[in-house]
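Here the protein sequences line up with chains A and B, keeping their order.
With UniProt numbering as the guide, the letters of the first sequence map in order to residues 1 to 224.
With UniProt numbering as the guide, the letters of the second sequence map in order to residues 1 to 589.
The set of hints was computed from the structure by calculation and includes no laboratory data.
Don't take every hint at face value.
[As the list claims (entries may be wrong)] Dumping the calculated EDC-like pairs for lysine to aspartate or glutamate here, alpha-carbon to alpha-carbon at most 16 angstroms: (1) K74(A) - E45(B); (2) K71(A) - E118(B); (3) K568(B) - E524(B); (4) K500(B) - E515(B); (5) K74(A) - E121(B); (6) K190(A) - E121(B); (7) K398(B) - E366(B); (8) K56(A) - E519(B); (9) K315(B) - E387(B); (10) K340(B) - E356(B); (11) K60(B) - E121(B); (12) K18(A) - E45(B); (13) K18(A) - E42(B); (14) K71(A) - D14(A); (15) K310(B) - D324(B); (16) K40(B) - D160(A); (17) K344(B) - E356(B); (18) K400(B) - E366(B); (19) K71(A) - E121(B); (20) K405(B) - E292(B).
[Said to hold, decoys possible] Derived contacts from chain B toward chain A, CB cut-off under 7 angstroms, selection only: (21) E27; (22) E45; (23) I463.
No residue lacks a Cβ here, since even glycine has one placed at the ideal position from N, Cα and C.
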Amino acid sequence: MFSSSSTMTDGDYDYLIKLLALGDSGVGKTTFLYRYTDNKFNPKFITTVGIDFREKRVVYTTNSPNGTTGKTFKVHLQLWDTAGQERFRSLTTAFFRDAMGFLLMFDLTSQQSFLNVRNWMSQLQANAYCENPDIVLVGNKADLADQREVQEKQAKELADKYGIPYFETSAATGSEVDKAVVTLLDLVMKRMEQCVEKPSADANTSDGSSKLSAAPAQQKKCAC
Amino acid sequence: MTDAVMGTKGVHVQSGPCLGAELTDEEKEIINNVIARAEKMEAMEQERIGRLVNRLDNMKKTVCGDGVSRCLLCGEQLGGAGDRAVVCEDCKKNMCTKCGVQTNTRPRSVWLCKICSEQREVWKRSGAWFFKGLPKQFLPSPMPISKPKERSPHQTPAAPPVTMQTQAPVTAPEPAVNPPIAPKPPVAPKPAHLQTQSFSEDGDPASPQNTPVMMKKTVNVHAARPVSSSTAAGLESDRGVYPPLSSGSADREELKSVSPRVAQHQNAPSVDDDDEANSYDSDEATTLGSLEFTLLYDQGNSSLHCNIIKAKGLKPMDSNGLADPYVKLHLLPGASKSTKLRTKTLRNTRNPTWNETLVYHGLTDEDMQRKTLRLSVCDEDKFGHNEFIGETRVALKKLKINQKKNFNICLERVVQTKRSSTAGGARGITLYEDETGKDGSELEERGRILISLMYSTQLGRLIVGVVRCVHLAAMDANGYSDPFVKICLKPDMGKKAKNKTQIKKKTLNPEFNEEFSYEIKHAELAKKTLDISVWDYDIGKCNDYIGGCQLGITAKGERLKHWYECLKNKDKKIERWHTLLNENHVSSD
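Just chain B, same shape as in the assembly (with noise of 0.2 angstroms):
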């Protein structure tokens, strides 16, 4: 046998690049010399295994009985005048017992007619009991040229290469190829195959040395399996290595079938992955439920009427299945603690109806332009923190003034992260320092103050009323404030013009009603500012300042107004809201 290197063929070429990353080349040759080696091998067992199906197929030409009332093999009469009859353990037909082979397994024994003993034989000595059938195709066409040359080790003949090359391909996608087909009885389908070709075979019976009658009928019988030999078919017709006859063209037709079918299969995991995501997706946003309220504001009285009458399907948030809702309330942008407001807590119910008013003082129409109302469901546990069911927010501008408005909205899942206030965080130093910081950010509103103005020309003097506060920002701990006003009027005239209110204690909405005079002229009113502020009152320690405003002719929007609304309006009270802010204040205590 020779050991010359063979060219890199199919198969090395396949392989090479799993392994080139580990393997060198020079091992590279020594595995494919190996690979090589084993075709001839295999080549030479093809030839074989075609002897073998050329002897069957001789052996069913011969067949002279009908199997029933005659011998299947030798056509000898049947029954009580001739030879007994035993019946094929295979094919089932009845023969005599010259033409029967016995076979002495247990637990008893067994009669088999020559053919399916031959039948037999072949798939033992074929390999076909091992693969499942007989896996290999073998082409007729380049036998006779490369056959005698095949046989002088001396050469390295062109030929060698091609049948090689033939084979080398077909080996590799077995593994691929043997999986999908379902064990099948190893007798029962060919007789019927082989003896269809045998009856569509004419000729004499071929020796063994007639190599190419030989190949003719192997081919012809490999023909009959479908699965194994469209496979193989299909893969040499691919390769063009020989021009596809017509029925490898109907095998190639079918190997194309087969691609689509497996594509397809391989697609519908992923489009299923997509309806779930599509429908967990809905079931959420479904989940958290809707909230049905109404809103109206009151201009007149400068408030805000939200009603919450109930709620729908709330996401349960309790092991019970259940949940504990609430309903919570701010006013957008401003300090969250001090414009929340909140519904009572209905216990063990997904539909809670609350039919609860919550009142927002104070609202100018400034405010309904600018602000939004934020509506956030929440489930209360008794020995944890509140949880987040859902939210939904009404911008305000979209009311009409005294007119009410009815909602039923689903609940949204907006969680913002919320921005961190001052309240009860910085207090003393800290406070200042952090003012300071904020120099040229945007002012945060602390609250407002509900204030009164009327010039009484009789007592020639300026009457400030400080009516009250809402929404002030929380200064202390414990979520509130001790808050109280000072009011000065400046530029500054001494003692007098400063004055201060009394201390309400550990509220965000203190009620004042406290009312400061100043003796000035008419004429020089125009000049002058008043300065209000809102401060915390903490004992021991520097009082926080939670918020101001002025009024005057240079300050702006409302505050402008009612200040000249003032002036113009001699001897009548105009009471003004006034948002307060967290502007840079020098601190006079």
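Isolated chain A (complex conformation) (with noise of 0.2 angstroms):
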């Protein structure tokens, strides 16, 4: 098991996020969170026992609308990493309510892992913090073109069905890993905005980017 390193433990942080990763066993979720968290590979298969996280610190810039630099703040990542057996269903389902935003993660060489995506949401629906959570959907292993079973528009279309962000990662070449968790806590920081600023009626406070201007929507839903 995985140690972190000795700066992770001060509380020189803005701001402590949890996410989590869900999916199918063996899509990848566990070697997609190290590459993220210490940028390498480890290609041997071993599955997760139960529940996991890795930690990381990362800087965040909030965007003036009038486009210079905003404030930057520390934020400490908390990575968690599940069991995508269904004998640590209950388990891991119980660490779903603490998670702030979740990485849904598919296998682009399994259709199988694919199809389970819908059962997956639904397992969030009932036991996320809120009927409509931060989500976006990674399918994972884009490297290997030549076994590839979930084509590019198919899962485009589900993310669009769903409203939520997409991206093809590859936990082995690290393409798009940190774009898909830096999407990911964008969207919970503007959660947190909205529902901090809620009481002063603000409009929403949507970005250009048609993608995330779908998550306000949404997120008007949430009970915060």
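Two independent chains are provided; combine them into the complex using the hints.
Encoded structure:
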């Protein structure tokens, strides 16, 4: 088991954000998070026992409306890794409640894992802190082009149906890994701002990005 | 960070049984290790939140103005002569532009005082926006002891497990706490609470390094939020790890008061269910309706007169919400078909009035002691089977002789499995096999017969009159019989001893009115037995035996009485009713 570096032990950060990765067993949740936190790839498959988490300190910069660089904050990410096997289901779903955002992962070389995305969405709606949590859909193992079974068009259609962003990543090459996590973090930070400012009756604070503009509309349904 | 395996803790024990059936001990160890790491992270987080709250409290203490004519924060005069006043979006107090913070959110920029701006930051950074409040209670006492040791990775002191145990149970009930809490404005209620707390606190501004003071203030701040803090405090008091403070006791009582309410709420539905069940039963009983009738036993004529007057509130049996009712009568025990009487059917009514008298003939005093009259109300359907509505029963011994008695009884739902009779079923050899099988079983009544006896001294003959039969058992498929009666004076006197009546077609209540005579001395009559049997005539087949009886000195009951009276009263005609039984009988045809 990997231990965090000593720099993680201090409390010198502005926000603690907890994210959780879920999906079928073997889609690459653990290797994805390992790539993100340590920028390394472990090709060997070791099934996760129940639950685990990794940590990473990142710098988050807000974009002010006038285009200038906003304030920077230090964010301590707590990245929870769940076992996809059925026998750990009751344990892992208990941790859904504490997660502020979710990485819903499937394997681009496994049609079955893509079909099970719907089941995982149901699990999320039943166990997360609210019915429409922030989710990013991740199709992993994009480097295995010759073994691909799920076409990008199919996955995008499913993501659009749920109104969530979609990324095709590769834990082996590191492609799009950072972008997927940063997008999810951005969604969570925006929701946080809206929850705190809600008493002032501000309108939605959507950015220019069309992908992100859908999220605020959905966030209004959240019972914050 | 140390990877040492932590001991089993409260949460682990709780989760163990749930997953124990599936997980191995090694797997549980791994999971517990991860949870322990998370708890360390949580402890650090709580310390950080404490510092944030502490800083916010300090800012509130520096308030100088009243927020109306003087700046809330610096106290400078506002208005024409002074600085331009702006209003805080959250607390609605006036302040100068130097002490305010302008946020550039669309569609318009808003001003916040520095306190409210800081308040929002605390909400964001502590995760309160996510948990709908500051969910965790941070206790001061363990930190000074365990904090230094916790930072030495090479040791596994006893204190950290205690700390972990402190945090672990608080985490588990968190999901249960959050859902009931309604979403509340994150800013509005908080300033009042915090302001109250800040006024109650005295002392120098605490530096971040002043751990005990900071911890103390953190506790006070949390106490201001009754819902989450009471739950957390109650849980901690229940664990018995720390002696309950006075506020802890209060929280504990509050926690206990909630439980009975929940339990009471859970009990309510079952009570309602019971009420509904009772109501349903009551309705069904009431719906069957009631039946009004009179009964009169005419002993002289051995007849029972049943006057069916009316019924009320019958259960609707048809799709139009009405019924087509009629009443059936049976005498129990006995062959149901042979004792069946029936009223007319009245159409489309649930409150029929029949005013119809049905008469049972041939009922003896003995019958009145043994028999029960059953009255069944049924619905007639033209295209389907008639349907049972309800019934009632009257023990005939309740009736007094020659006195009319009125009844108005509620109908009941008594559906008995009818004993399968041989009527229309067994015939020919099957009939005899059935009767052979009934050896030792109770005899079945097959109707009754009216016999007259008279010994004529002038003629020196016994005159036997076969008057009629009633309620014979049905032996044919059409529900009737073709009965005739055979009589024989035994011991056998040859052919002359046997006599037969005519055959009456298709009836269960034949009228014969025939007399037969036997030439015999009166002195010899006492040794004789008169054998009477009733048969169902079948063309081309063996006749079906319906029932029979014997009159003689060895007979019993009514039959003995009749025979004895004949011997004693010469030249006097004596009529008596006799019950026909399905005794084994050898076919003489």
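Hints, verified against the model:
1. K74(A) - E45(B): Roughly 14 angstroms between the alpha carbons, so the hint for K74(A) and E45(B) holds.
2. K71(A) - E118(B): 15 angstroms, holds
3. K568(B) - E524(B): 13 angstroms, holds
4. K500(B) - E515(B): 10 angstroms, holds
5. K74(A) - E121(B): 13 angstroms, holds
6. K190(A) - E121(B): 14 angstroms, holds
7. K398(B) - E366(B): Between K398(B) and E366(B) the Cα gap is close to 13 angstroms, so the pair holds against 16 angstroms.
8. K56(A) - E519(B): Violated, because 129 angstroms separates the two Cα atoms, which is more than 16 angstroms.
9. K315(B) - E387(B): Distance ~11 angstroms between K315(B) and E387(B) Cα, so the pair holds.
10. K340(B) - E356(B): 15 angstroms, holds
11. K60(B) - E121(B): 15 angstroms, holds
12. K18(A) - E45(B): 12 angstroms, holds
13. K18(A) - E42(B): 11 angstroms, holds
14. K71(A) - D14(A): This hinted pair holds, its Cα atoms lying about 12 angstroms apart.
15. K310(B) - D324(B): 13 angstroms, holds
16. K40(B) - D160(A): Not OK: K40(B) and D160(A) at ~39 angstroms, beyond 16 angstroms, violated.
17. K344(B) - E356(B): 8 angstroms, holds
18. K400(B) - E366(B): Given pair K400(B), E366(B) holds - Cα atoms ~13 angstroms apart, limit 16 angstroms.
19. K71(A) - E121(B): 13 angstroms, holds
20. K405(B) - E292(B): Cα-Cα ~11 angstroms, so holds.
21. E27: 5 angstroms, holds
22. E45: 5 angstroms, holds
23. I463: 97 angstroms, violated
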